[in-house]
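Q: Each chain, letter by letter, is given below.
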Amino acid sequence: MTAENLAAAAFRLREVGVLAALGVAVLFFTVRATNFLTVDNWQDIAKDVAIVVVVGIGETMVILTRNIDLSVASIVGLSAFVTADTLAAHNGAPLVLVALLAMGVGVLLGLVNGLLVTVGRVPAIIATLATLAIYRGLAFQVTNGEAISAFRLPDSFLNIAASKPAGVPTLAWIALGVALVGAAILRWAPWARDFYAIGSNPDAARVAGIHTGRRIVMAFAMCGALSGLGGFMWASRYPTVDAVSATDFELDVITAVVIGGVNVFGGSGSVLGVVLGAVLVATIQNGFTLLHLSEFWKLFFNGFAIVVAVAINALVTHRVQDALRRRRRAQVLAARHIEAEV
Amino acid sequence: MKRVLLMAGRLLARWETLLVIAIIGVGIWSTTLSPFFLLRANLLDLLTPYAFIGLMAFGLAFVVIAGEIDISVASILAVSVVCFSQLYDKGLNVWLALVAGLVVATMLGCINGVLVGIFDLPSLAITLGTLAAYQGLAYVILPGEGVAAFPEGVTKFGGGYVDNELPIALLVLVAFAIALGFVLHATRFGRYLYTIGSNREAARFAGIPVARVRVTVFAISGFMAGVAGIVYLGYFGSARADAAQGSLLDVVTAVVLGGIDIFGGSGSMLGVFLALVLVAELRNGMQLANIAGDTQNIVIGVLLLTAIVVGNVTRAIQARGLPSGLRRKGVIATATVTAGLGTEPEPQELKGR
Amino acid sequence: MSRKRLGLLGLALCIALTAALVAGLTASAGRASQETAAQKKNYKMFLIPKLIGVNVFTENGKGAKEAAKELGDTVIYNGPTEAVAAKQVPFINTASQQGADAIIISANDPNAVAPALKRAVARGAKVVSYDGDVARDARTIFVSPPSAQAIGAFQVEWVGSQIGYKGEIAILSATPTAANQNTWIKFMKAALKKPKYRNMKLVKIAYGNDNPTDSAKETQALLQGYPNLKGIISPTTVGVAAAAQVLQQEGKCKSIALTGLGLPNEMRKYIKAGCAKKVGLWNERDFGYLAAYVAHYVLDGTLTGKIGQTFKAGRLGKRTVVVSDGNRPVVVLGDPLVFTKANVDKFNF
Chain A
1 MTAENLAAAA FRLREVGVLA ALGVAVLFFT VRATNFLTVD NWQDIAKDVA IVVVVGIGET
61 MVILTRNIDL SVASIVGLSA FVTADTLAAH NGAPLVLVAL LAMGVGVLLG LVNGLLVTVG
121 RVPAIIATLA TLAIYRGLAF QVTNGEAISA FRLPDSFLNI AASKPAGVPT LAWIALGVAL
181 VGAAILRWAP WARDFYAIGS NPDAARVAGI HTGRRIVMAF AMCGALSGLG GFMWASRYPT
241 VDAVSATDFE LDVITAVVIG GVNVFGGSGS VLGVVLGAVL VATIQNGFTL LHLSEFWKLF
301 FNGFAIVVAV AINALVTHRV QDALRRRRRA QVLAARHIEA EV
Chain B
1 MKRVLLMAGR LLARWETLLV IAIIGVGIWS TTLSPFFLLR ANLLDLLTPY AFIGLMAFGL
61 AFVVIAGEID ISVASILAVS VVCFSQLYDK GLNVWLALVA GLVVATMLGC INGVLVGIFD
121 LPSLAITLGT LAAYQGLAYV ILPGEGVAAF PEGVTKFGGG YVDNELPIAL LVLVAFAIAL
181 GFVLHATRFG RYLYTIGSNR EAARFAGIPV ARVRVTVFAI SGFMAGVAGI VYLGYFGSAR
241 ADAAQGSLLD VVTAVVLGGI DIFGGSGSML GVFLALVLVA ELRNGMQLAN IAGDTQNIVI
301 GVLLLTAIVV GNVTRAIQAR GLPSGLRRKG VIATATVTAG LGTEPEPQEL KGR
Chain C
1 MSRKRLGLLG LALCIALTAA LVAGLTASAG RASQETAAQK KNYKMFLIPK LIGVNVFTEN
61 GKGAKEAAKE LGDTVIYNGP TEAVAAKQVP FINTASQQGA DAIIISANDP NAVAPALKRA
121 VARGAKVVSY DGDVARDART IFVSPPSAQA IGAFQVEWVG SQIGYKGEIA ILSATPTAAN
181 QNTWIKFMKA ALKKPKYRNM KLVKIAYGND NPTDSAKETQ ALLQGYPNLK GIISPTTVGV
241 AAAAQVLQQE GKCKSIALTG LGLPNEMRKY IKAGCAKKVG LWNERDFGYL AAYVAHYVLD
301 GTLTGKIGQT FKAGRLGKRT VVVSDGNRPV VVLGDPLVFT KANVDKFNF
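Protein chains in written order, with my numbering: chain A, 1 to 342; chain B, 1 to 353; chain C, 1 to 349.
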């Protein structure tokens, strides 16, 4: 087995693991909870998953480069408000334009994050912790402490969260689209492939000629854009938007991403993983609700899942690295043997 | 004469001096906002609402100096507070309950420490997870409904006054600042922290029990969160699971603004104390100016960022003079960004996935 | 000099500086208190709602300011952005620091704000609570909307009449610690014991924290967790609006009856769509107006919290201080208003 195959196998192991966990969860809840396997229930799950997936793909891009973005929830909140505000003032505005506006807001905020990390040399954790507060404060300034009530929004917009073409909620269709585009980008766009390189070994990436600064800014900008889209979707699902909308949402996103196998050290992760991770998290939380468990167990579960996922990830990474190291040593020794004989 | 000037110059250029100047500056601004600012009662009371933040910051400073980070402190405070209140509510003697709360807090810190120190997991990701897990635990232990009405003996730590003027919380804060400052600057343990923060591998080779120290430092962080919880209880008069939620920004700002290098290896307790005073004064002033809490957060957030950028710039200048060296800094900066995520990972051979 | 010594020197310097500063200012404390004693008729009152950004509280503020204008006082309206008691504390402290004569507060938790209020009282302020009461020893008078018993009983009847007095119901409340919510829920439970409602079962009390997103999520959780749910009572304007929105989004307006306390402007669309056929409230602006008047009369000594004292609350007429459960002095606003499809257009708040 070559080094690539070994790496690919380890990676597939991650996703298979999540899939297996998902299977177990579904079985468990089907047996224990009433109403789990109904169409109605899964349509609900799909709506929650949709927003997490969209923002999660953005977050993944940042984490791939060995950074993190804690401010996504504030970006979602701010763009949700911009969406609601625009639509409340202009009921007839074309929805696509408003969505682009939301994404634009997100890109700007994401750019600030990226510049802080690259030009300002501020560690991502601190930078985005600060911008989490700053953007949330901006949301407050913009909302002026008032909420936009749902009844002021056009029905066409509210319909996005309500409609279910072909039985699948519109929000889920949007997420599916984003997932396909995101996966394609991460697979084939050269600048996106650079994310993996930067995350695996930033120094080597730089030496190899990759503009790490520019790529990192790009990653944060993409994350911002997707968070902006997430905000648009959020406003449709929870249409009474105020300054505190989407608070703590970053935890849901990061849980889904980490469970989905994205390595917090950067360098590995996939869109499929994020989707599976989001579905697993939403499924378990839904199951908790159906079992009438206190909703606070959900929060505990999120945290616990992150710790477990990180630990497993580290374990797998170490095993694979050890294996690769052993293989490399064997290769070197073999080469020396050949030299000696020759 | 020259020596005096040189020393004075070095004193002036110290981070702590900058903080003192800033504190005086903000003080002047505050007096323009309200004639009530300069009252003795008000000045003494300045730190009282932020005493619990300061205590958490002291503990966090230890962790950051050692090269790690702990963002779960606020959640540990919450668990500690609800544990105490539930035990007290169920009839346990108040002092025993208090001790139990502290023990729980320390244990939660230990869990962080073991995961990071022994299993070598990245502290950022782990404490992000425990932040959520512990917070969820707090809600499970005390869902929603707060517990109030604690005996004077307990609430005096956070809300009591000597002679109706000197806040006991202030005394607690200063006492811990001095005690922890002593540990940090005058004991072997403190020196270990600086060494590990500067270069973990070198520390290991030097014979320092790195794993043990790292576990201990997280335990200290947890313990201080527990102490902060007691003061919190005294000041707010009730125990709720969402205690201290949203305080993480101020805690991290106090640490970073206090001159503690976020990459580990340097900083002083005095700096953290002064930074706390500055944050408290700033927030108090903004509150007097009727600036909303969320807007205040913008100011604090910007302050946090400024502190780091300024720190980076001064470090760059100290390391290799001015502009021409900045380009090569890229290599150092990326490596240090790595350090910011917790541990120095082994060189990875997995690429492209 | 070693680094350690320098650090200790710096610490000592700071402490010395602070001590000098503080000692030198001892005089000013006396001066300031002398000023406040000699006053005054233009009272400075701070209105601290549970949270800002919610229409009912904004209306309270407007009403209070209207009363202040009539009385020659000033009302400053400010509060936290989340319904969290700990976040009201800095506002209480600032009010006290700025020399407040009166603090009018609707508290998120009766006990959590009590220490801060008592500190403010020790520094010369008077406290009047309204809507969300505080610990009895931390305020002079409580201003109540319609009697708690009436509010509880009415809402049970409003939902019962829509579901044929049979089936599972749930309550979507605000924060678990708000005194008014808990009192209303207490009276709702008492009402449910009546034989008329014996076929109705309360299956869950959910908490939306006066936050639209949380309330929406809680409603969704109710729908998921209790498939046989027939009715929802939401005694909070944020909750009832969020629940109505969710029911409409999920297409469940016909199968689940929603009622509660709602603002006519916010609920109009849902009332007409049939998602919430009947909701009630009171005039929030009058509520704030009344609270400000009460505060004024407490400050000038007319009202001391004694049962039976009367006063004239501007355009609302003569009011009396009565007793509420627990022997607390209370001033009551009046009976609730009911909004239905037939009359909702007549109201504008």
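Do not rely on the hints blindly, as some may be mistaken.
If you want the ones that stay clear, here's a sample from chain A, every Cβ over 12 Å from chain B, calculated [said to hold, decoys possible]:
{"#": "1", "residue": "A88"}
{"#": "2", "residue": "R136"}
{"#": "3", "residue": "T143"}
{"#": "4", "residue": "D252"}
{"#": "5", "residue": "L299"}
Facing chain B, from chain C, some residues (calculated, C-beta under 7 Å) [as the list claims (entries may be wrong)]:
{"#": "6", "residue": "G72"}
{"#": "7", "residue": "T74"}
{"#": "8", "residue": "G334"}
In silico DSS-like pairs for lysine-lysine, Cα to Cα no more than 30 Å straight-line [unchecked claim]:
{"#": "9", "chain 1": "B", "residue 1": "K90", "chain 2": "C", "residue 2": "K189"}
{"#": "10", "chain 1": "C", "residue 1": "K277", "chain 2": "C", "residue 2": "K312"}
{"#": "11", "chain 1": "A", "residue 1": "K164", "chain 2": "C", "residue 2": "K87"}
{"#": "12", "chain 1": "A", "residue 1": "K164", "chain 2": "C", "residue 2": "K189"}
{"#": "13", "chain 1": "B", "residue 1": "K90", "chain 2": "C", "residue 2": "K277"}
{"#": "14", "chain 1": "B", "residue 1": "K90", "chain 2": "C", "residue 2": "K204"}
What the hints contain is simulated information worked out from the structure, not anything from laboratory work. Keep in mind that this is a model prediction, so the values were computed, not measured. Backbone N, C-alpha and C define an ideal beta-carbon position, used for all residues, glycine too.
Q: Give a verdict on every hint.
A: Comparing the hints with the structure gives:
{"no.": "1", "hint": "A88", "in the structure": "holds (21 Å)"}
{"no.": "2", "hint": "R136", "in the structure": "violated (6 Å)"}
{"no.": "3", "hint": "T143", "in the structure": "violated (9 Å)"}
{"no.": "4", "hint": "D252", "in the structure": "violated (10 Å)"}
{"no.": "5", "hint": "L299", "in the structure": "violated (3 Å)"}
{"no.": "6", "hint": "G72", "in the structure": "violated (22 Å)"}
{"no.": "7", "hint": "T74", "in the structure": "violated (13 Å)"}
{"no.": "8", "hint": "G334", "in the structure": "violated (31 Å)"}
{"no.": "9", "hint": "B:K90 - C:K189", "in the structure": "holds (26 Å)"}
{"no.": "10", "hint": "C:K277 - C:K312", "in the structure": "violated (36 Å)"}
{"no.": "11", "hint": "A:K164 - C:K87", "in the structure": "violated (41 Å)"}
{"no.": "12", "hint": "A:K164 - C:K189", "in the structure": "violated (38 Å)"}
{"no.": "13", "hint": "B:K90 - C:K277", "in the structure": "violated (44 Å)"}
{"no.": "14", "hint": "B:K90 - C:K204", "in the structure": "holds (25 Å)"}
The structure shown violates the earlier hints numbered 2, 3, 4, 5, 6, 7, 8, 10, 11, 12 and 13.
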